[in-house]
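S.K.: Residue numbers (the working numbering), protein chains in the order written: chain A, 1 to 301; chain B, 302 to 539.
Possibly wrong hints are sitting among the right ones.
In silico negatives: residues of chain A with every beta carbon more than 12 Å from chain B [what the hints assert, rightly or not]: (1) R61; (2) E98; (3) D242; (4) P255.
Straight-line distance between alpha carbons at most 25 Å, and here's what the computed SDA-like set of lysine to any residue pairs gives [stated by the list, open to error]: (5) A/K254 <-> B/N535; (6) A/K254 <-> B/D404; (7) A/K298 <-> A/T138; (8) A/K254 <-> B/N395; (9) A/K254 <-> B/A536.
Keep in mind the hints are simulated off the structure, nothing from the lab. Everything numeric in this text was worked out from a predicted model, so none of it was measured. Glycine included, C-beta positions come from ideal geometry on N, C-alpha and C.
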Amino acid sequence: MCGIVGLFAKSAQVEERLGVHLAAMLAQMNDRGPDSAGVAVYRDAAPSGSSKLTLYSSDPREDWAALAATLADELGASSEPGVRASHAVLTVGAEAAEAEAWVRAHRPDLRVMSAGRVIEIYKETGLPRAFADEFRLTDFQGTHALGHTRMATESRVTTEGSHPFSTGLDLCLVHNGSLSNHNRLRENLRRAGIEFQTENDTEVAAGYLAWRMREGASLEQALEGCLHDLDGFYTLAVATADGFAVLRDPIACKPAVLAETDDWVAMGSEWRAIAVLPGAADASMWEPQPGVVYVWEKVAV
Amino acid sequence: MRAVAEREQAAVEVVDLEATSLRELNQRLHELAHAPGPAHWRVLNPNGAHAVAAGIDADVEVEVEGHVGYYCAGMNKRATVRVHGNASTGLAENMMSGLVVVDGNVSQSAGATGRGGLLVVRGDASARCGISMKGIDIVVAGSVGHMSAFMAQTGTLVVCGDAGEALGDSIYEARLYVAGEVASLGADCVEKELREEHAAQLAGLLDAAGIDAEPADFRRYGSARRLYNFQVDNAGAY
Numbered sequence: 001m002c003g004i005v006g007l008f009a010k011s012a013q014v015e016e017r018l019g020v021h022l023a024a025m026l027a028q029m030n031d032r033g034p035d036s037a038g039v040a041v042y043r044d045a046a047p048s049g050s051s052k053l054t055l056y057s058s059d060p061r062e063d064w065a066a067l068a069a070t071l072a073d074e075l076g077a078s079s080e081p082g083v084r085a086s087h088a089v090l091t092v093g094a095e096a097a098e099a100e101a102w103v104r105a106h107r108p109d110l111r112v113m114s115a116g117r118v119i120e121i122y123k124e125t126g127l128p129r130a131f132a133d134e135f136r137l138t139d140f141q142g143t144h145a146l147g148h149t150r151m152a153t154e155s156r157v158t159t160e161g162s163h164p165f166s167t168g169l170d171l172c173l174v175h176n177g178s179l180s181n182h183n184r185l186r187e188n189l190r191r192a193g194i195e196f197q198t199e200n201d202t203e204v205a206a207g208y209l210a211w212r213m214r215e216g217a218s219l220e221q222a223l224e225g226c227l228h229d230l231d232g233f234y235t236l237a238v239a240t241a242d243g244f245a246v247l248r249d250p251i252a253c254k255p256a257v258l259a260e261t262d263d264w265v266a267m268g269s270e271w272r273a274i275a276v277l278p279g280a281a282d283a284s285m286w287e288p289q290p291g292v293v294y295v296w297e298k299v300a301v
Numbered sequence: 302m303r304a305v306a307e308r309e310q311a312a313v314e315v316v317d318l319e320a321t322s323l324r325e326l327n328q329r330l331h332e333l334a335h336a337p338g339p340a341h342w343r344v345l346n347p348n349g350a351h352a353v354a355a356g357i358d359a360d361v362e363v364e365v366e367g368h369v370g371y372y373c374a375g376m377n378k379r380a381t382v383r384v385h386g387n388a389s390t391g392l393a394e395n396m397m398s399g400l401v402v403v404d405g406n407v408s409q410s411a412g413a414t415g416r417g418g419l420l421v422v423r424g425d426a427s428a429r430c431g432i433s434m435k436g437i438d439i440v441v442a443g444s445v446g447h448m449s450a451f452m453a454q455t456g457t458l459v460v461c462g463d464a465g466e467a468l469g470d471s472i473y474e475a476r477l478y479v480a481g482e483v484a485s486l487g488a489d490c491v492e493k494e495l496r497e498e499h500a501a502q503l504a505g506l507l508d509a510a511g512i513d514a515e516p517a518d519f520r521r522y523g524s525a526r527r528l529y530n531f532q533v534d535n536a537g538a539y
């Protein structure tokens, strides 16, 4: 099964309470995916020339402050680590790709959950409702967010196998469904230089988008490419630094509902995930058409 | 005494799902199969809950004020269920008899495997509407999505708008009437002549659904009956 939620703020009020809304939406999808949960939140852009990493450590005694100090020495100014349960967000004075490469080379025991200037990804095994408390989701302010509750079918129930998946800077994806050509596609993408950390099918879809966008495709074009190159069942929700998109495969077995008001655009596997948002009763609401890409992008003010 | 009894009959039982559990609502509706109770119910704040008013076996009317989740009015017998909102997957699945009316749009597999009764959708229905239907009549005022009436056995699907790809794929003896465009017909589904008896059936269903449409504007589709028996010429296809 699995549950997906997405929220894209169109007003300052919704940005301020993004985490409160996200936690409520995720709790509604608890039963669709009781084995793991995760969120991607777009917030607090790092200053130009610096970047943010979300790191995961399986060691509960991980000394994040020491790591931040080392990063500051090696790569330039670093902020206090933002620690939430097994994860920490570190802002460093280097481009994201350089910072990520340093961590991979010097701390192979850590997982880079996300890298970029605005994205933060948190994910863990266990009940989604417990996850929301443990990671203090209600604290978050931000522009947009995705969430996922997982009922695993294609790979093991682990922190790494939880969604969202990110294989490109500020890019992430959540997925309800299963892909059947992920092994072949993963090999092709590896040859094109895309790195994968798991055997999970969804990570391949994230890698595919990262590859297409690296080759110059827009988010919309990259998603249209999925219709040709991904074989299987999928409802995908994708986020970039300033965009949010939804795509269902042409057979459309996996559910999705979209709704929009003057204050927000929301996506959910089911209406009950959206019904908890302010003004939901008066929202315009529709089921995304099979094989059609829906994209929203922040307009620069 | 009679006046009091009539007033009680006319009273509407209101159940607010923000205050009452879904389990309790459905339990009370199920008890109507064995014991007398209110004839008219209003359900408030469904907020996408699953299985709202599923499994009723009684001559009652239930009005649901809002959007419902999966399997609303599933397995319905005799009851009238009206949804003043949209409905999710599997609306009125395996309905046996009675009437289900949705004011808004409905998601996939509406009326799936339905054996009897009438399902009316005033908006659009998405994919697989009437999949494997076995006697239910379905009237959709808007359009239906792809693979509608897949393996439909008996019953009638009336679509006042358009039908998506592969309409009536592997159909048995159900009758399909579509007023708008059909994106494509599924395997073994063909257009058939719309004769007087079909126009009369269509007029009756449109009337029952309260939809003002002209039977002459519809086309009829049904089974070519070429898949009923194994043909040795097709052996290579297996």
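S.K.: Decide, hint by hint, whether the structure agrees.
M.R.: Here's how the hints hold up against the structure:
1. The Cβ of A/R61 lies farther than 12 Å from every Cβ of chain B, with a closest approach of about 43 Å, so its non-interface assignment holds.
2. Non-interface status of A/E98 relative to chain B is upheld: no Cβ of that chain comes within 12 Å, the nearest being about 45 Å off.
3. Every CB of chain B lies more than 12 Å from the CB of A/D242, the least distance being 30 Å, so the non-interface label holds.
4. A beta-carbon of chain B comes within 12 Å of the beta-carbon of A/P255; the shortest separation is about 6 Å.
5. Simply put, A/K254 and B/N535 have alpha-carbon atoms about 33 Å apart, too far for the 25 Å limit, and the pair is violated.
6. Between A/K254 and B/D404 the CA atoms are separated by roughly 24 Å; this keeps the pair inside 25 Å, and the hint holds.
7. Using a Cα cut-off of 25 Å, the hinted pair A/K298 and A/T138 holds, with the two alpha carbons roughly 23 Å apart.
8. Under the criterion of a C-alpha separation no larger than 25 Å, the hint pairing A/K254 with B/N395 is consistent with the structure, at around 21 Å.
9. Pair hint A/K254 plus B/A536 does not hold up; C-alpha atoms about 34 Å apart against a cutoff of 25 Å.
Checked against the numbered hints listed earlier, the structure breaks hints 4, 5, 9; every other hint is satisfied.
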